[in-house]
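The opening position of the sequence shown corresponds to residue 1 in our numbering, with each subsequent residue numbered one higher.
Take these hints with a grain of salt, some might be off.
Distance ranges between label pairs, derived from CB positions [unchecked claim]:
1. Thr43 / Tyr86: 18 to 24 Å
2. Ile135 / His73: 25 to 31 Å
3. Met158 / Ser87: 29 to 35 Å
4. Pro181 / Asn14: 21 to 27 Å
5. Pro141 / Ala72: 17 to 23 Å
6. Gln5 / Pro141: 34 to 40 Å
7. Gly182 / Glu77: 18 to 24 Å
8. Arg98 / Gly138: 32 to 38 Å
9. Asp59 / Glu162: 39 to 45 Å
10. Val91 / Arg13: 22 to 28 Å
11. Gly138 / Ala93: 33 to 39 Å
12. Gly60 / Ser89: 32 to 38 Å
13. Gln140 / Ala93: 16 to 22 Å
14. Ala49 / Pro179: 23 to 29 Å
Read the hints as simulated data drawn from the structure, not as lab findings.
Beta carbons: idealized from backbone N, C-alpha and C, even for Gly.
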Amino acid sequence: MTTEQWSFSPLQRNGYRVIYADPPWKFSSGPSRNPRNHYPTMTIDEIKALPVKDLAHPDGCRLLMWITMPLAHRIQEIIGAWGFRYSTSRVWAKLWPREDEMFLYPNSLARGAGYEVVGNCEMLVIAKRGKPARIPPGKQPASLFFARRRQHSRKPEMVRTEIASLFEGPRCELFARSPAPGWDAWGNETAKYVEAAE
């Protein structure tokens, strides 16, 4: 008899009402700005194979997953493999680090890589499993938000803080890069950014 190894140790099976994920997407081109130059990446099939549904609380769970625009057409496939159904998305418009979190000029938007368009936005997909608690009326966040771009792939701290204020835990973060109170973290860079949240 074999014992199945739990991929997400030390996270708890069936323990989370919120799962926040920033998968390390693998891209086949753009070598100078490719994520694999910064950290190990995973193919979509490898990401789909993760047992994310086994983290979800049986009474209901929300998944909030970052995905880049070129992969948007694969959203349903990925969240479906994880046992979630699509709800909606938010869009982060990235500002240059020197900008305040207010859109002032067209050149305030950061420029990233891209073949058809310049990549300066990223999507935060929101999906559900079961029947998670509703967001209180009047507390729903805007679908578009502006925040400064920081180190490669580092997401705005305000998003994690906002998630914690909207959704009761337990909460976990997959591919976490900094610890946060009230969150269980999993990943190979969980202490990369240890300064206090901005």
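A quick look at each hint next to the structure:
1. Thr43 / Tyr86: 18 to 24 Å: 21 Å, holds
2. Ile135 / His73: 25 to 31 Å: This hint holds: roughly 27 Å between Cβ atoms.
3. Met158 / Ser87: 29 to 35 Å: Because 20 Å falls outside the window, the suggested range is violated.
4. Pro181 / Asn14: 21 to 27 Å: With a Cβ separation near 23 Å, Pro181 and Asn14 satisfy 21 to 27 Å, so the hint holds.
5. Pro141 / Ala72: 17 to 23 Å: Given range 17 to 23 Å: holds, Cβ gap about 20 Å.
6. Gln5 / Pro141: 34 to 40 Å: 37 Å, holds
7. Gly182 / Glu77: 18 to 24 Å: For Glu77 against Gly182, whose Cβ atoms are near 31 Å apart, the range 18 to 24 Å is violated.
8. Arg98 / Gly138: 32 to 38 Å: 34 Å, holds
9. Asp59 / Glu162: 39 to 45 Å: With a Cβ separation near 22 Å, Asp59 and Glu162 fall outside 39 to 45 Å, so the hint is violated.
10. Val91 / Arg13: 22 to 28 Å: Given about 32 Å between the Cβ atoms, the range is violated.
11. Gly138 / Ala93: 33 to 39 Å: Given a distance of about 24 Å, which is not inside 33 to 39 Å, the answer is violated.
12. Gly60 / Ser89: 32 to 38 Å: Given range 32 to 38 Å: violated, Cβ gap about 19 Å.
13. Gln140 / Ala93: 16 to 22 Å: 18 Å, holds
14. Ala49 / Pro179: 23 to 29 Å: 26 Å, holds
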